[in-house]
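Trainee: So the chains spell out like this:
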Amino acid sequence: MNATDVAHLTAHAAADLLRRRELSSLELTNAVLEQIERRDGEVHAYVHLAADLAREQAREADRRLAEGDAGPLCGIPYGLKDSISAAGLPLTCGSKILRGYVPPYDATATARLKDAGAVLLGMLNMDEFGMGSSTEFSSYGPTRNPRDVSRVPGGSSGGSAAAVAADEAIFALGEDTGGSVRTPAAFCGVVGLKPSYGRISRYGLVAYGSSLDQIGPLTKDVRDAALVLGAIAGHDPSDSTSLPWPVPDYTAHLEDGIKGVRLGVPTEYFGEGIDPAVASTVRAAIDRLAALGAEVGEVSMPHTRYALAAYYVIAPAEASANLARYDGVKYGISDRSGPDIWEMFARTREAGFGAEVKRRIMIGTYALSSGYYDAYYLKAQQVRTLVKQDFDRAFERFDALVGPTCPTVAFPIGDKTDDPVSMYLTDVLTVPINCAGVPALVVPCGESDGLPVGMQLIGPAGGEEALLRLGYAFEQSGGKR
Amino acid sequence: MSLTRDEVEHVALLARLALSPDEVERMRTELASILAQVAILNEVDTSHISPSASVLPLDTVMGDDDPRPSLTVDQVLSNAPAAEDGQFRVPAILEE
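If you read the sequences in order, they're chains A and B. For the first sequence, the positions run 42 to 522 when the numbering used here is used. For the second sequence, the positions run 13 to 108 when the numbering used here is used.
What the hints contain is simulated information worked out from the structure, not anything from laboratory work. From a predicted model like this one, the values you see are computed outputs, not experimental measurements. A hint or two may mislead.
Computed, partial: chain A to chain B, Cβ under 7 Å [claimed, not checked]:
1) 377
2) 378
3) 385
No farther apart than 20 Å at their CA atoms in a straight line, the calculated lysine to aspartate or glutamate pairs in the EDC-like style are these [said to hold, decoys possible]:
4) A/137 - B/35
5) A/429 - B/97
6) A/300 - A/459
7) A/137 - A/368
8) A/429 - B/86
9) A/371 - B/35
10) A/457 - A/397
11) A/371 - B/71
12) A/429 - B/57
13) A/371 - B/96
Ideal Cβ positions, reconstructed from N, Cα and C, are used throughout, including at glycine.
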C-alpha cells in the first residue's frame with residue numbers, strides 16, 4: 042500500500058491494520074502528513090499544523106498498541122476545529138481577536154480522544170467564531186472544497202470537512218450551532234453527525250450560541266462516526282448541560298438492518314428554494330431506503346419556514362453575550378492606543394472582529410436591548426417552542442425523518458459573501474434541528490453536476506443509534522467507498 | 013424596516029464596538045434587511061406559547077461543594093496582553 046492509499050483509509054480499516062501490526066501509527070501519521078503537504082497548499086484546511094507533536098503521539102500510540110492496551114481510535118490521526126481547545130496548541134476560532142491565544146487546558150472531547158490514544162494533527166479552519174456557512178469568513182483566508190477548489194467547502198466547520206474529504210485527516214471534530222458540521226459534510230461529500238444537545242460535553246469548546254452548540258464528528262464513513270461518537274459522548278461534571286444518559290456501543294447495532302423503520306419525509310423540506318436536482322437526488326436515496334425495508338410516509342412540519350428567522354435572532358443574541366469576553370484584558374489582541382479602558386474595549390473589538398461577527402453582535406445586541414426584547418428575542422424563543430413541537434409530533438409517528446441537508450450543492454467562492462441574507466438561507470434546513478436540540482446525521486447520497494449531495498437523517502433526542510443504523514444500511518447498499 | 017444612524021450608534025455603544033462612519037452606514041442597511049427577514053415571525057400566533065430558552069430535560073444542576081485543583085495564577089495570566097504582580101493590567105478605570 043502506498044502513502045496515498047494509507048491516507049485514504051477509514052479509521053476502522055486503519056485500526057484493523059494497526060491491531061494486526063501490518064501498519065504502525067507512525068507510518069499512518071506520516072502518510073497523512075505527506076497528504077497534507079501535497080494538498081493543503083490548495084485546500085487550506087489547516088490553520089495550525091503540529092507535525093512533530095503528532096509524530097510523538099504516534100510513537101506513544103505504537104507503544105500502547107504493542108502492549109495490547111489500545112481501543113479502536115488508538116494511533117488514528119485526526120484534526121480539531123479551531124474552536125475546540127487542545128492544551129498548548131494555538132486556538133483562534135478563525136478570528137484575529139484571539140491571535141496568540143494558547144489554551145492552558147484540553148476540552149473534554151479532546152481529553153477523551155487523547156485518552157483513547159488518537160493522534161492530534163492540528164487545528165482546522167472555520168468561519169470566524171462559527172459565524173458563516175462557507176468558511177470564507179475566516180480571518181486566515183478561505184478553505185477550498187477538495188472536490189472542486191473553485192467552490193466553498195461549506196461552513197462553519199469547512200476545514201474539518203475538507204481535511205477529511207482530501208485525506209488530510211482520518212477524521213475530524215467540528216461544531217454545529219445551526220448546521221456547521223452538516224453543511225460542510227454535505228458540500229464535501231463526507232459523513233457528519235450533529236448529536237443531540239447535551240450528548241457531548243461543551244467544556245473547552247469556545248461558545249457561540251450556548252443553547253444550540255454541539256460538537257460532532259466528520260468522518261469518511263458511518264462506522265467511523267459511530268466510533269468517534271462513542272469515544273467522546275457522555276456526561277461531564279464540567280458541563281452542567283451534558284446529559285447523564287448512558288453511552289451505548291454505537292457500533293453494536295449498525296448491521297441490524299432497517300426493516301420496518303418508520304421514516305418520515307417532511308413536505309416542507311422539499312419546498313420553495315430547494316434546487317430540484319438536489320431534491321430529486323435525495324428522493325432517489327429515500328426510494329433506496331424504502332427498498333431496504335424502511336416504511337416511508339409524508340409528514341408536515343409547518344413551522345419550518347419560521348425556524349430560520351428564530352435562529353437568526355436567538356443565535357446572535359447568545360453570541361452577543363458570549364463574545365463580550367473578548368475585551369483586550371485576558372487574552373488575544375489589545376488596542377491600548379485610546380485614553381481609557383472603554384476605548385480599549387471598543388477599539389480592540391473593532392480591530393479584532395470581522396464584518397460577519399460584528400453584524401451578528403449588532404443584531405443580537407439590538408434584539409436584547411430595552412424596548413426590543415419582547416418583539417424579537419422573546420418572540421423567537423416562543424417560535425422555537427413551536428418548531429420543537431413540530432418535531433415532537435413527527436416523532437410520535439416516525440422513528441426518523443429524512444430530507445436534504447442544504448438547498449443547493451457547494452456554491453462558488455465569493456458568490457454570497459456580500460449578501461448576508463442569501464448566505465443565511467443556506468441554513469434553512471439545518472437550523473430547525475438545533476432549535477429542537479435533536480440529532481441529525483448527514484450521509485453522502487449522490488451527486489448533482491458532479492458535486493456531492495448529502496442526505497440528512499433526523500432523530501428524536503438520544504436517537505443517534507437509529508440514525509447511524511439507517512446511514513450505515515444506506516451506505517452499504519451503495520457499494521464500497 | 014429602517015434604522016437611523018443614531019440607533020445603530022446606540023447599539024454599537026452597547027456592544028462596545030468602535031464602528032467607523034462607513035461601517036455605521038453599511039450596518040444601517042444590512043441590519044434593516046436582516047430585521048425585515050426576521051419580521052415573518054410576526055405571522056405566527058404565539059399568544060399562548062411559552063418561550064424555550066433550552067431544550068434540555070434537566071432542571072438546575074447542582075454541583076458538589078468540593079474544592080478541587082484549578083489553573084494556577086501563572087496559567088491564567090499566560091495569555092494576558094499585560095499582567096503585573098499576579099493581576100491583569102488595564103488602562104485607568106477611575107480618575108485619580
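Trainee: Let me make sure I understand: some of the numbered hints might not hold for this structure. Which ones are they, in numerical order?
Mentor: 2, 5, 6, 8, 9 and 11
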